[in-house]
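J.: Sequence:
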Amino acid sequence: MPFVDSNIFVYHLTADPLYGKTARKIIERIENGEESYTSTLVIAQVCGYLKWKKKHDVIPLFLSFLKGLTSLQKIETSILDFEEARNLQKQQNLPWTIWDDIVVSAQMKRINIKEIYSNDKDFDKMPWVKRLF
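Quick note: the sequence shown uses our numbering, first residue 1, plus one each step.
Hints were generated in silico from the structure; no laboratory data involved.
Here a beta-carbon is modelled for each residue, glycine too, at the ideal position from N, C-alpha and C.
Worth double-checking, as some hints may not be accurate.
To be verified - 16 Å max Cα-Cα, derived EDC-like pairs, lysine to aspartate or glutamate:
#1 Lys25 - Glu35
#2 Lys55 - Asp16
#3 Lys67 - Glu35
#4 Lys109 - Glu84
#5 Lys90 - Glu76
#6 Lys21 - Glu35
#7 Lys67 - Glu28
#8 Lys130 - Asp120
#9 Lys74 - Glu31
#10 Lys125 - Glu115
#11 Lys130 - Glu115
#12 Lys74 - Glu35
#13 Lys74 - Glu34
#14 Lys90 - Asp100
#15 Lys109 - Asp124
#16 Lys125 - Asp100
#17 Lys67 - Glu31
#18 Lys109 - Asp57
#19 Lys109 - Glu83
#20 Lys53 - Asp100
What the hints assert, rightly or not - Derived Cβ-Cβ restraints for the label pairs, each shown as a range:
#21 Pro127 - Ala44: 37 to 45 Å
#22 Ser64 - Lys25: 15 to 23 Å
#23 Phe65 - Pro127: 30 to 38 Å
#24 Lys90 - Glu31: 35 to 43 Å
Hey, can you work out the whole structure from these sequences and the hints?
T.: Okay, structure coming up:
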């Protein structure tokens, strides 16, 4: 069961000319029942991106879309995820510039998920994460 990163949703929602097709295939697998995970942090990142791009009207549609993806488990982001991320950042000497990705990887560790659907190469800096894209 892979974790789904924010860029998959963004590429899908915006029909990105480079990565939209790959993202759409991933979303279709989830729509067809592939079990996967994402988190409230990822959801907030996508909503923040849509707000930044002045696509406010897409946010409710995105949230409804997520609710309909029953095979996509949505986990809560907790303070413990941030504490673990801080530990991982120190242990692995990871740069603070990839803080959100470190928190996501801490969430993945918590739920024992090792694979992530993402185009973000920063996950390659974390040896416990295998990026799928």
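J.: Would you mind marking each hint as holding or not holding in the structure?
T.: Hints, verified against the model:
no.: 1; hint: Lys25 - Glu35; in the structure: holds (14 Å)
no.: 2; hint: Lys55 - Asp16; in the structure: holds (15 Å)
no.: 3; hint: Lys67 - Glu35; in the structure: holds (14 Å)
no.: 4; hint: Lys109 - Glu84; in the structure: holds (9 Å)
no.: 5; hint: Lys90 - Glu76; in the structure: violated (24 Å)
no.: 6; hint: Lys21 - Glu35; in the structure: violated (20 Å)
no.: 7; hint: Lys67 - Glu28; in the structure: holds (15 Å)
no.: 8; hint: Lys130 - Asp120; in the structure: holds (11 Å)
no.: 9; hint: Lys74 - Glu31; in the structure: holds (14 Å)
no.: 10; hint: Lys125 - Glu115; in the structure: holds (13 Å)
no.: 11; hint: Lys130 - Glu115; in the structure: holds (5 Å)
no.: 12; hint: Lys74 - Glu35; in the structure: holds (11 Å)
no.: 13; hint: Lys74 - Glu34; in the structure: holds (14 Å)
no.: 14; hint: Lys90 - Asp100; in the structure: holds (15 Å)
no.: 15; hint: Lys109 - Asp124; in the structure: holds (15 Å)
no.: 16; hint: Lys125 - Asp100; in the structure: holds (13 Å)
no.: 17; hint: Lys67 - Glu31; in the structure: holds (11 Å)
no.: 18; hint: Lys109 - Asp57; in the structure: violated (34 Å)
no.: 19; hint: Lys109 - Glu83; in the structure: holds (13 Å)
no.: 20; hint: Lys53 - Asp100; in the structure: violated (19 Å)
no.: 21; hint: Pro127 - Ala44: 37 to 45 Å; in the structure: violated (26 Å)
no.: 22; hint: Ser64 - Lys25: 15 to 23 Å; in the structure: holds (21 Å)
no.: 23; hint: Phe65 - Pro127: 30 to 38 Å; in the structure: holds (33 Å)
no.: 24; hint: Lys90 - Glu31: 35 to 43 Å; in the structure: holds (39 Å)
Comparing the model with each numbered hint stated earlier shows that hints 5, 6, 18, 20, 21 do not hold.
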